[in-house]
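2 protein chains.
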Amino acid sequence: MYYIGIDLGGTNIAVGVVNEEGKIICKKSIPTLAHRTPEEIVKDMASVSMEVVKEAGLSMDDITSLGAACPCFVEKKLGVLIAGANLPFRGYDIRKELHKYIDKPIYLDNDANCAAWAEAVAGAAKGTKDSIMITLGTGVGGGIVVNGSLYSGFNCFGGELGHMVIEIDGRQCGCGRKGCWEAYASATALIKMTREYAENNKNSLMWELAEKEGKFSGRTAFDAAKQGDETAQKVVDKYIKYLTCGVANLITIFQPEVLVIGGGVSNEGEYLLEPLRKAALKEKYDGTDSPLFEDGRIEKALLGNDAGIIGAALLKE
Amino acid sequence: MYYIGIDLGGTNIAVGVVNEEGKIICKKSIPTLAHRTPEEIVKDMASVSMEVVKEAGLSMDDITSLGAACPCFVEKKLGVLIAGANLPFRGYDIRKELHKYIDKPIYLDNDANCAAWAEAVAGAAKGTKDSIMITLGTGVGGGIVVNGSLYSGFNCFGGELGHMVIEIDGRQCGCGRKGCWEAYASATALIKMTREYAENNKNSLMWELAEKEGKFSGRTAFDAAKQGDETAQKVVDKYIKYLTCGVANLITIFQPEVLVIGGGVSNEGEYLLEPLRKAALKEKYDGTDSPLFEDGRIEKALLGNDAGIIGAALLKE
Numbered sequence: 036m037y038y039i040g041i042d043l044g045g046t047n048i049a050v051g052v053v054n055e056e057g058k059i060i061c062k063k064s065i066p067t068l069a070h071r072t073p074e075e076i077v078k079d080m081a082s083v084s085m086e087v088v089k090e091a092g093l094s095m096d097d098i099t100s101l102g103a104a105c106p107c108f109v110e111k112k113l114g115v116l117i118a119g120a121n122l123p124f125r126g127y128d129i130r131k132e133l134h135k136y137i138d139k140p141i142y143l144d145n146d147a148n149c150a151a152w153a154e155a156v157a158g159a160a161k162g163t164k165d166s167i168m169i170t171l172g173t174g175v176g177g178g179i180v181v182n183g184s185l186y187s188g189f190n191c192f193g194g195e196l197g198h199m200v201i202e203i204d205g206r207q208c209g210c211g212r213k214g215c216w217e218a219y220a221s222a223t224a225l226i227k228m229t230r231e232y233a234e235n236n237k238n239s240l241m242w243e244l245a246e247k248e249g250k251f252s253g254r255t256a257f258d259a260a261k262q263g264d265e266t267a268q269k270v271v272d273k274y275i276k277y278l279t280c281g282v283a284n285l286i287t288i289f290q291p292e293v294l295v296i297g298g299g300v301s302n303e304g305e306y307l308l309e310p311l312r313k314a315a316l317k318e319k320y321d322g323t324d325s326p327l328f329e330d331g332r333i334e335k336a337l338l339g340n341d342a343g344i345i346g347a348a349l350l351k352e
Numbered sequence: 036m037y038y039i040g041i042d043l044g045g046t047n048i049a050v051g052v053v054n055e056e057g058k059i060i061c062k063k064s065i066p067t068l069a070h071r072t073p074e075e076i077v078k079d080m081a082s083v084s085m086e087v088v089k090e091a092g093l094s095m096d097d098i099t100s101l102g103a104a105c106p107c108f109v110e111k112k113l114g115v116l117i118a119g120a121n122l123p124f125r126g127y128d129i130r131k132e133l134h135k136y137i138d139k140p141i142y143l144d145n146d147a148n149c150a151a152w153a154e155a156v157a158g159a160a161k162g163t164k165d166s167i168m169i170t171l172g173t174g175v176g177g178g179i180v181v182n183g184s185l186y187s188g189f190n191c192f193g194g195e196l197g198h199m200v201i202e203i204d205g206r207q208c209g210c211g212r213k214g215c216w217e218a219y220a221s222a223t224a225l226i227k228m229t230r231e232y233a234e235n236n237k238n239s240l241m242w243e244l245a246e247k248e249g250k251f252s253g254r255t256a257f258d259a260a261k262q263g264d265e266t267a268q269k270v271v272d273k274y275i276k277y278l279t280c281g282v283a284n285l286i287t288i289f290q291p292e293v294l295v296i297g298g299g300v301s302n303e304g305e306y307l308l309e310p311l312r313k314a315a316l317k318e319k320y321d322g323t324d325s326p327l328f329e330d331g332r333i334e335k336a337l338l339g340n341d342a343g344i345i346g347a348a349l350l351k352e
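Taken in order, these protein sequences are the chains called A and B. Numbering-wise, the first sequence is residues 36 to 352 according to our numbering. Numbering-wise, the second sequence is residues 36 to 352 according to our numbering.
Extracted from the complex, chain A is given alone in its bound form:
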């Protein structure tokens, strides 16, 4: 059995054919050209899907279902995209439109949920029933897998883990709340903090690295800290402290077998994960030193940019 997974982005539409093990056997990407009408975009989603199936040496008869990961709120039961920041869909019945071209069961979810599902089925949390994934990028995305199923609440809009407040009356978040975890632990927040600390120390190595790269990035502080820059180390320590707070909250709430960390910042690997693990497992609530208390694991995401396609492809009812 094979499945079509579509990762619909503001920039590209990436489509893959995925097998039962969650491996992509063929994929293709085209520009979204998001200024177009929803109908034009959906038509492209469908035609690339059919092309990829053909390129994989398969026919549509080999395809069980199609799934799409969308960068917006998704009413997955109705098959409707609610609102997309960079896409023209708003209260749009994308399932109905896709069905004009492809007569297969069509499943939808938002991209963060699809990534969490991909990691649970075929990635860092493979073989577990309860996992959480967070994505440290422009924002902090989240996905929840419980008892072997993707969970997003009765109205499909749960799992917005980045918008958990960790500092009441804290930093203004784009969502309207103050003190959201995203305002501290996203790559955006890290870059902002990097710039602030650099402004206060013109001798920091961070200036040199930023100049080389042409900008302050999510890597600037980490790279400078690795070379012994004290100001950069302060940025890294503070960032990890904020990250830890939310991670410890999620462990306290969910006790997942694996908490998967993805997104750009996760590329720091063990340099980020090792102190995070130590701090989060110390900080999370357990209230017992019993040897029966088994801690879950904190792991780096394994599927990278393919997670959207894979997770979408493997979506179920």
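Misleading hints may appear alongside valid ones.
To be verified - Each computed DSBU-like pair below joins lysine-lysine, with the alpha-carbon atoms no more than 30 Å apart:
1. K227(B) / K273(B)
2. K135(B) / K112(B)
3. K250(A) / K213(A)
4. K213(A) / K161(A)
5. K313(B) / K335(B)
6. K135(A) / K78(A)
7. K213(A) / K335(B)
8. K276(B) / K276(A)
9. K89(B) / K63(B)
10. K335(B) / K112(A)
11. K276(B) / K227(A)
12. K62(B) / K112(B)
13. K313(A) / K112(B)
14. K213(B) / K335(A)
15. K276(B) / K317(A)
16. K112(A) / K313(B)
17. K227(B) / K276(A)
18. K139(A) / K164(B)
19. K164(A) / K139(B)
20. K112(B) / K317(A)
21. K213(B) / K313(A)
22. K351(B) / K213(A)
23. K213(B) / K273(A)
24. K273(A) / K161(B)
25. K351(B) / K112(A)
26. K273(B) / K276(A)
27. K164(A) / K161(B)
These are computed hints drawn from the structure, not numbers from a lab.
Model the placement of chain B on the given structure of chain A, informed by the hints.
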């Protein structure tokens, strides 16, 4: 079919026979006498269970299973009580001991989880699949019901919702973390805040009410505020603000169909719930004003002190 539910407390052991609808048809309570050995306590749990069955006019043949709600960490798969603050159980195989007297399937969980399960099956969240319960008492207890099942993570220790940090580096919590929701939204925290505000205004009506009652309680500020006391209103407003922060976090994460509020403070009823609803549903993340976005409900717990017995009785594998 009938079920035995035991609510094991530091003060009393309450036992009930519960029918399939989650109604208690007969119940009985005896002192725990927690200074005794685990074996003596378990023997009482079993003998009262058998008495209650008899008093209900039933025999043990009518009983499907027995469940116990325990005020401690419970390794429910192993049937072991990990640690009980006011009870002598520590790494104790209570299921094995109970099986010496009662040859039925025996299920265990902590009391907050049992209360959440009771409300989901037979209380304020009846008829829903996804609900959350929080209990505002000495601490802030929590229970999570997802897809119609009680959820507590892969190691059984999840759902500790009161120990989600809402103010990084905030108030010291008994658990060791700083800034836990429990340190702001428990009845204990409310009483502490009441006392602090009263200290700063010797003319507050709260002094008179506290004198009448013999102490500052969780009701003092609410009662004085209802009578127009401005200082008391400030306490109430601040308490509700903290409560809202955590409730909005939980809605953002879980989007439960019902979020149930129990525990002593919940007895303020609509005086508490109405402003909480308004604030939490405004504050929770949705990022869309779509008419397809359906909000869950925030409701007062319905089962009161019976929730432990009912939830325990209806526990399943």
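Status of the hints after comparison with the structure:
{"no.": "1", "hint": "K227(B) / K273(B)", "result": "holds, 12 Å"}
{"no.": "2", "hint": "K135(B) / K112(B)", "result": "holds, 18 Å"}
{"no.": "3", "hint": "K250(A) / K213(A)", "result": "holds, 27 Å"}
{"no.": "4", "hint": "K213(A) / K161(A)", "result": "violated, 35 Å"}
{"no.": "5", "hint": "K313(B) / K335(B)", "result": "holds, 15 Å"}
{"no.": "6", "hint": "K135(A) / K78(A)", "result": "holds, 9 Å"}
{"no.": "7", "hint": "K213(A) / K335(B)", "result": "holds, 27 Å"}
{"no.": "8", "hint": "K276(B) / K276(A)", "result": "holds, 25 Å"}
{"no.": "9", "hint": "K89(B) / K63(B)", "result": "holds, 12 Å"}
{"no.": "10", "hint": "K335(B) / K112(A)", "result": "holds, 29 Å"}
{"no.": "11", "hint": "K276(B) / K227(A)", "result": "holds, 29 Å"}
{"no.": "12", "hint": "K62(B) / K112(B)", "result": "holds, 27 Å"}
{"no.": "13", "hint": "K313(A) / K112(B)", "result": "holds, 27 Å"}
{"no.": "14", "hint": "K213(B) / K335(A)", "result": "holds, 27 Å"}
{"no.": "15", "hint": "K276(B) / K317(A)", "result": "holds, 29 Å"}
{"no.": "16", "hint": "K112(A) / K313(B)", "result": "holds, 27 Å"}
{"no.": "17", "hint": "K227(B) / K276(A)", "result": "holds, 29 Å"}
{"no.": "18", "hint": "K139(A) / K164(B)", "result": "holds, 28 Å"}
{"no.": "19", "hint": "K164(A) / K139(B)", "result": "holds, 28 Å"}
{"no.": "20", "hint": "K112(B) / K317(A)", "result": "holds, 24 Å"}
{"no.": "21", "hint": "K213(B) / K313(A)", "result": "holds, 17 Å"}
{"no.": "22", "hint": "K351(B) / K213(A)", "result": "violated, 40 Å"}
{"no.": "23", "hint": "K213(B) / K273(A)", "result": "holds, 16 Å"}
{"no.": "24", "hint": "K273(A) / K161(B)", "result": "violated, 44 Å"}
{"no.": "25", "hint": "K351(B) / K112(A)", "result": "holds, 29 Å"}
{"no.": "26", "hint": "K273(B) / K276(A)", "result": "holds, 27 Å"}
{"no.": "27", "hint": "K164(A) / K161(B)", "result": "holds, 26 Å"}
Of the numbered hints stated above, those contradicted by the structure are hints 4, 22 and 24, listed in ascending order.
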